[in-house]
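Protein chains: 2
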Amino acid sequence: MKIVQYDADISIKRDLDSGTEEQGKVVTEIIGKVRQEGDAALTYFTEKFDRAVLEDLKVQEEEVKQAYTEIDEETLDALRAAIENIRDFHQRQTTQSWFTTKADGTMLGQKITPLDSAGLYVPGGKAAYPSSIMMNVIPAQVAGVERIVMVSPPQPNGQLEPVVLVTAHELGVEEIYKVGGAQAIAALAYGTETIPKVDKITGPGNIFVALAKREVFGEVDIDMIAGPSEIVVLADEQANIAYIAADLLSQAEHDELASSVLVTESQVLAEAVAKEVQKQLETLPRKEIAQASLEQYGQIIVTTNLEESIKVVNELAPEHLEILTKEPLNIVGKIRHAGAIFLGEYSSEPVGDYFAGTNHILPTNGTARFSSPLSVDDFTKKTSIISYSEKALVENGSKIATIARLEGLEAHARAIEIRLEEK
Amino acid sequence: MKIVQYDADISIKRDLDSGTEEQGKVVTEIIGKVRQEGDAALTYFTEKFDRAVLEDLKVQEEEVKQAYTEIDEETLDALRAAIENIRDFHQRQTTQSWFTTKADGTMLGQKITPLDSAGLYVPGGKAAYPSSIMMNVIPAQVAGVERIVMVSPPQPNGQLEPVVLVTAHELGVEEIYKVGGAQAIAALAYGTETIPKVDKITGPGNIFVALAKREVFGEVDIDMIAGPSEIVVLADEQANIAYIAADLLSQAEHDELASSVLVTESQVLAEAVAKEVQKQLETLPRKEIAQASLEQYGQIIVTTNLEESIKVVNELAPEHLEILTKEPLNIVGKIRHAGAIFLGEYSSEPVGDYFAGTNHILPTNGTARFSSPLSVDDFTKKTSIISYSEKALVENGSKIATIARLEGLEAHARAIEIRLEEK
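As given, the protein sequences belong to chains C and A, one line each in that order. Following the numbering used here, the numbering of the first sequence begins with 1 at its first residue and continues without gaps. Following the numbering used here, the numbering of the second sequence begins with 424 at its first residue and continues without gaps.
Keep in mind that the hints were calculated from the coordinates and are not lab data. Warning: the hint list may mix true and false statements.
[Unchecked claim] Stretch by stretch, here's where chain C covers chain A in the computed footprint (C-beta under 8 Å, at least three residues):
| id | stretch |
| --- | --- |
| 1 | 534-541 |
| 2 | 576-583 |
| 3 | 612-618 |
| 4 | 706-714 |
| 5 | 800-806 |
[To be verified] In silico negatives: residues of chain A with every beta carbon more than 12 Å from chain C:
| id | residue |
| --- | --- |
| 6 | R458 |
| 7 | Q483 |
| 8 | A501 |
| 9 | E679 |
| 10 | E731 |
| 11 | G775 |
| 12 | D776 |
| 13 | N819 |
| 14 | R828 |
| 15 | E830 |
| 16 | R837 |
[Said to hold, decoys possible] One-sided and incomplete, this derived list gives chain C residues near chain A with beta-carbon spacing under 7 Å:
| id | residue |
| --- | --- |
| 17 | F89 |
| 18 | Q91 |
| 19 | A274 |
| 20 | G408 |
Beta carbons: idealized from backbone N, C-alpha and C, even for Gly.
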């Protein structure tokens, strides 16, 4: 990893795959065809892109039963423990409807209502990501969303990965369709004969899925379009070099576009970490990906003191921030922008990725300046409640009419005054 | 207004102005020029579009003082009372950072941080909208946003409307720039020599402003892109006909695209309201706009009973819903989708537009299915906090590593295991 001295214009390189014009066109065509032809388009594209010929888009109970026979006890235990922790944390995020009253009879309030339905996209491909399923489904369930749908592209044999089916079943998700790509997003947004439309689509996917989500946004709600994953480790001279190196590598192995950054005031630590990263890298199965990521997007930034390090972190607004200093809790109040903050040497990022309970879907690419981790709030919406009394209207009506006329809206003023006549 | 009988496929016509390709190109060019040339581009476009030649983009103290001389006491009283109510309601929306601990030493939490800065767009043109300023500024202030900037296009004499300056001053907003249109949005998103960039842009504007907001989204956050305003009145046979008609008209006068709908099981009421609307319409100053709106987008839907009326409301998911039935509070729990609900005959929509305290920036065009009124939450973001203890990691580390390997991420597993060696 390259070591650079901090200066005021520092930035980290982050690249977002926004897709090509050609990919955009393909996505628009796919969405159009699904809107027109429904299920027929879904089976057509599934055969074309996933090389799977399906009789039934919907996953059947027997397939789920079969999946359980392929999962060992240790895996099941780990998944169940993670689900329990994630549910526990998200249950603490729920908010209540509330109201306030005044002596004049006015009642104002804010009503919280869960969305009616949510659709979760689960990527297919080489690996299965049970943690993504948990992180999307659990906040929706805790919010009280009644209908939760999962879609995922089948393998050429027409099946989904066993661990995907088992995780969904453990969570209580029963409506699962074997369809992926832009065609799955179109089905969730507009509905087909088999798949009724949903109100919100969440979950990660490839560039076609991302482009399709962007295109259907407005028709339905979507979660953020995620950029590549990033970590910033803020460390002082006493931090454990091997831990830092391992954590930087765990980010780098995700993706060649992933970004791993160390910020420290210690030149000694900087050099030791650079060496240790090289050493640990050698034996990684995903060595080539991690190496490419580190070469392009990895950086060790050496500052002159802790305050300057904190300044750098706030400028970067990282998705993940690990604080490996003597007194990490003292620093939390100074961090203005981060998706998640991991405190101390036992809070390795994978603890939060999989298990502790917090959500791993976090704002990337500097958007932690204004965005939040996925949460229960993302699956509810608010409605304002206004109940005005006769007394309140008599007392305040003329003021309301004054503002309405100030804005040139006479009918607004009259709607108030007609109620005050003969009072 | 036309009266239609309910059937299962009912929908209301809603049209969103999405702009033309030509308008899109103009906006892209303006944004590009502001990014390249900064202030020079702003003064250029302000001269071109607003016919104002400015020496200084920033509003000076003397201009604010001058504005106060043009506002009468009654107006000032009304504005101050509205501000007080709106601030009171929004203060009840604030949420606290929280944390939870476990016996094994784990600490998890959710930290709430206000955005650093927010930019508010205030439209210029024929009328001034002090209520828009309040509804955008107050939630940002209550959230704790440190830097709140206002932009608004000047009149040809280089000035802003006095009531705009007075409202801003009453709220405590001091950073105001005389610039509007797409160029103002570009300045807020990318910054110029005079106008530092912000993290989030809110506030209504014309199609150029809307397109510009859409284009800079991601670089900064934006609020929703609002569609035309809508009201649905849900009424039974005992409701006051004159009040309903006045409220439908107050929506219709906004805009030719605005939508006013009455849903009722009473054919008698339906016919009486249609007649009364016609009568009240005659004397309105904005008669032509209201008439055009009612002809295109106005509708009275007659259902067979209250349950069916409620079903219609949920299908429409209106921005504003007035409930004018015998027991309006009994119905609130059955309404799943609405931006704001006004209960009873004294809760005319303008009460909420201007004065009661709730926010008047609400989800339009059916997006109340998944969106919320503008609130304090829109000016804060969350950060997850994870502090794991050695004990917790020793107990759970193997489960975490199991899930990591299930996902094919070996470096994730090793980041955990390196911390467990020799324990």
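- Against chain C, does R837/A hold up as non-interface, every C-beta pair farther apart than 12 Å? violated, 6 Å
Check the non-interface label on R828/A: least C-beta distance to chain C beyond 12 Å or not.
Contrary to the label, R828/A does not stay out of reach of chain C, its closest Cβ about 9 Å off (not over 12 Å).
_Can you confirm whether chain C covers the stretch 576-583 of chain A, using C-beta to C-beta distances below 8 Å and requiring at least three such residues?_
Violated - the stretch 576-583 of chain A has 0 residues with a Cβ nearer than 8 Å to chain C, which falls short of three.
At 12 Å, judged by beta carbons, does D776/A keep clear of chain C as stated? Since the minimum Cβ distance to chain C is about 7 Å, D776/A lies within 12 Å and the statement is violated.
- Would the stated hint for A274/C survive a check requiring a Cβ distance to chain A of less than 7 Å? Because about 17 Å separates A274/C from the closest Cβ in chain A, which is outside the 7 Å limit, the hint is violated.
Q. With d taken as the least Cβ-Cβ distance between E830/A and chain C, does d exceed 12 Å?
A. violated, 5 Å
* Interface-negative label, Q483/A against chain C, beta-carbon threshold 12 Å -> At roughly 24 Å from the nearest Cβ of chain C, Q483/A sits farther out than 12 Å, so the non-interface label holds.
TODO: Check the non-interface label on E679/A: least C-beta distance to chain C beyond 12 Å or not.
DONE: Given a closest Cβ separation of 14 Å, the condition holds.
ask   = With d taken as the least Cβ-Cβ distance between G775/A and chain C, does d exceed 12 Å?
value = violated, 5 Å
- Holds or violated: is the Cβ of Q91/C closer than 7 Å to a Cβ in chain A? violated, 10 Å
Minimum Cβ distance from A501/A to chain C greater than 12 Å, as the annotation requires
violated, 4 Å
Q | Distal placement of R458/A relative to chain C, Cβ over 12 Å | A | holds, 17 Å
Consistency note: the structure conflicts with the earlier hints numbered 2, 3, 8, 11, 12, 13, 14, 15, 16, 18, 19.
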